[in-house]
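Visitor: Given the structure of chain X, go ahead and fit chain G onto it with the hints provided.
First to last, the sequence lines map onto chains X and G. Under this note's numbering, think of the first position of the first sequence as 3, with each following residue one higher. Under this note's numbering, think of the first position of the second sequence as 3, with each following residue one higher.
Keep in mind the hints are simulated off the structure, nothing from the lab. Honestly, I wouldn't trust all of these hints.
Said to hold, decoys possible - Distance ranges between label pairs, derived from CB positions:
1. D40/X / R25/G: 21 to 31 Å
2. S93/X / S6/G: 25 to 35 Å
3. R121/G / S143/X: 39 to 49 Å
4. E202/X / G122/G: 44 to 54 Å
5. T169/X / E22/G: 16 to 26 Å
6. A197/G / D40/X: 48 to 58 Å
7. D178/X / G114/G: 18 to 28 Å
8. A197/X / R198/G: 34 to 44 Å
What the hints assert, rightly or not - One side of the interface only, derived from the structure: several residues of chain G facing chain X at Cβ under 8 Å:
9. R25
10. L34
11. E35
12. R41
13. A42
14. R176
Where a beta carbon is used, it is the ideal one built from N, C-alpha and C, also for glycine.
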Amino acid sequence: MRVAILDRAGDGVTSDGEAGVRASERERLLRAAGGDEDAMRQIYREHADAVFRTACRVLGSSDAELDDVVQHTVLAAIDGAARFDGRSRLSTWLIGSATRRALDHARARHRRGRWARLREGAGLSDGASVARPDAQIEGRSLAERALAELTPDQRVVFVLHQVEGHTLQEIADMTDTGISTLHARLGAARKRLDAFLAREGAQTPEEGGAR
Amino acid sequence: MSRSGNEARHESVAAQLREEAPRLDDLRRARLERRVLARARGAAVSQGTAPVVVEARPSASRHLGLGALALAAAALVGFVVRGAFWPEPGAETPRFAIGSAFETREGALREGARIELARGEEGRLEIGDVSASLRDGSAIEVRSTDLDDVRLVLDRGVAELSFHPRERGRQHLRIATPSADVEVVGTVFTVAVDARGTTVSVREGTVRVTGRVDGASVLVNAGGAVTVPPVRTASAVQTPGESHATAPSAASAEEAAAPAAEAAATGQEATPPAPPAAPAPREGRAASRTGTTVSTGPAVMNAAGSAVPPAAAVAATGDVGAPSAAHSLGDPRTDGEVGAAGPRPTRAELMVVHPPSRGLDSWAAHRPSSREVADAWHDIDELQARGQFER
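Same shape as in the complex, but just chain X:
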């Protein structure tokens, strides 16, 4: 079962109650930007878990950058309070911001990984590993290992869509990526997952449950 899907930005179906929540979130964000510590604390406490979870899934649970991503996401939200127009929930806005930041780190590491693999192929490897920090953990679940198989871009769309239940339109707004690109990435992610699961001999829940 997917989690509740938030209103699409700009689709004009926001209820009065929802509009009130967003106005209240915006007002709190502006107070935080003005130096109100209670507002800062409330924003952090309400959203730190979701931001951390998002960053964790993109970067891996033992990445040294995780705390930085959480910290900079919250600070950037306070800094950019004026840019929050209330068209989406604050949580969606923050998760989008955290996703972009985590993605930047993950892409950089992925690029370094490609270069390292090239060096390794040419016999120039220095032995340094640039994979996800948790890529070597033996005790990870099948799902975690499957996620680590995906490229950062594929991982983001798979996690946000399939795991968190966001629509592709929402993900497009969050990540500034076109829907067709997201479709292609999701398809590629699923293919890669299929290949991995087939290699691992994973069964469907009906056939015996995921390991």
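Guide: Structure of chain G alone, referenced to chain X:
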């Protein structure tokens, strides 16, 4: 493979990921909150009621400009002060120096810089309040030169680090190795990476070491050492102290050690907790964690590990195994507090936020939950912000 079968597998993976959703443990959340508030507060103070400005990383062009400028300055200094191995103290620009019997090199450090020392070479880094001496054969990368959050990656070799922050609690130093993350508050310690894993030996202060594989954390006090093996095995903690023939239970040992270690850190006399109480440590000696076994995980590392440098010749008294169910993220009894004082407030701080009339002994008699500790931190922050309390 049928389409519906594949979809079921995708959904199964997604469901498993939802079930295993990573979460911030309370102490980490509280620590991050302090950092966020401190930064946001600092920005707000400097700008009145204007919006908070987030400290941005320098752009690539700025990096290049600053780097070129710094290199030119370093070259000039090199000519003028020929033979000087290290620049004048107090320089804020992060710098490095590498020397051998034949030549020395020095210059400015930039984020992303990687230093690899050959045999016979020694090196030194200085980044704000952090200084690191590198032994020959070491390889280190500088991930962040932010003076409030210095981050280094030690791939191999030995780095002897000294970190005396001017603003304790605000400035951080983190060293990542292939098998562990080392987080520092303010101390002098050594990190060594070799085939046996990562060994952290602490001379002053306290260091938190987190296993990269299992995520288990341990606080290492002055005189102690911890070795994190390179593969999924246990960690061995070695601290100076008497060897107890009968090991107390994990819970009692933790409770006993916490206030004692706290007192050792603050130089105060410890109030013994509820019996069985551990003897308060004498000045200059770390609290003993003798016999503290936190879990029953496989203890692979010999507690008499030769990984401890000769300067830290300590009795091998106990071990901390791989995390058991009781040492999982989110467990307030053990998060970040394996066998010793965690990042809890000191007694003096608790006296402020929970005055003696409420009963300070109650703090000593029970282990405060992570939420209580986090709340205490917030109260301390509030008092500090009002200038009514100084850490």
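Visitor: Please go over all the hints and tell whether each is borne out by the structure.
Guide: So, going through the hints one by one against the coordinates:
In this structure, D40/X and R25/G meet the distance hint of 21 to 31 Å, their C-beta atoms being roughly 24 Å apart. Separated by about 33 Å at the C-beta atoms, S93/X and S6/G satisfy the suggested range of 25 to 35 Å. At about 43 Å, the beta-carbon gap between R121/G and S143/X stays in the expected band of 39 to 49 Å. With their beta carbons about 48 Å apart, E202/X and G122/G fall inside the hinted range of 44 to 54 Å.
Roughly 23 Å separates the CB atoms of T169/X and E22/G, a value that falls within the hinted 16 to 26 Å. Between A197/G and D40/X the Cβ separation comes to about 52 Å, which falls inside the hinted range of 48 to 58 Å. Between D178/X and G114/G the beta carbons are some 26 Å apart, a value that agrees with the proposed interval 18 to 28 Å. Here the CB-CB span from A197/X to R198/G is close to 37 Å, well matched to the stated 34 to 44 Å.
The beta carbon of R25/G comes within 6 Å of a beta carbon in chain X, closer than 8 Å, and the hint placing it at the interface holds. Interface hint status for L34/G: upheld, as the beta-carbon distance to the closest one in chain X is roughly 6 Å, under 8 Å. Taking 8 Å as the C-beta contact cut-off toward chain X, the hint placing E35/G at the interface holds, the least distance being around 5 Å. Look at R41/G: its Cβ gets to within about 6 Å of chain X, closer than 8 Å, so that hint holds up.
Here the hint on A42/G is kept, as its CB sits about 5 Å from the closest CB of chain X, short of 8 Å. A hinted interface residue such as R176/G counts as satisfied when its beta carbon comes closer than 8 Å to some beta carbon of chain X; here the least separation is about 7 Å, so the hint holds.
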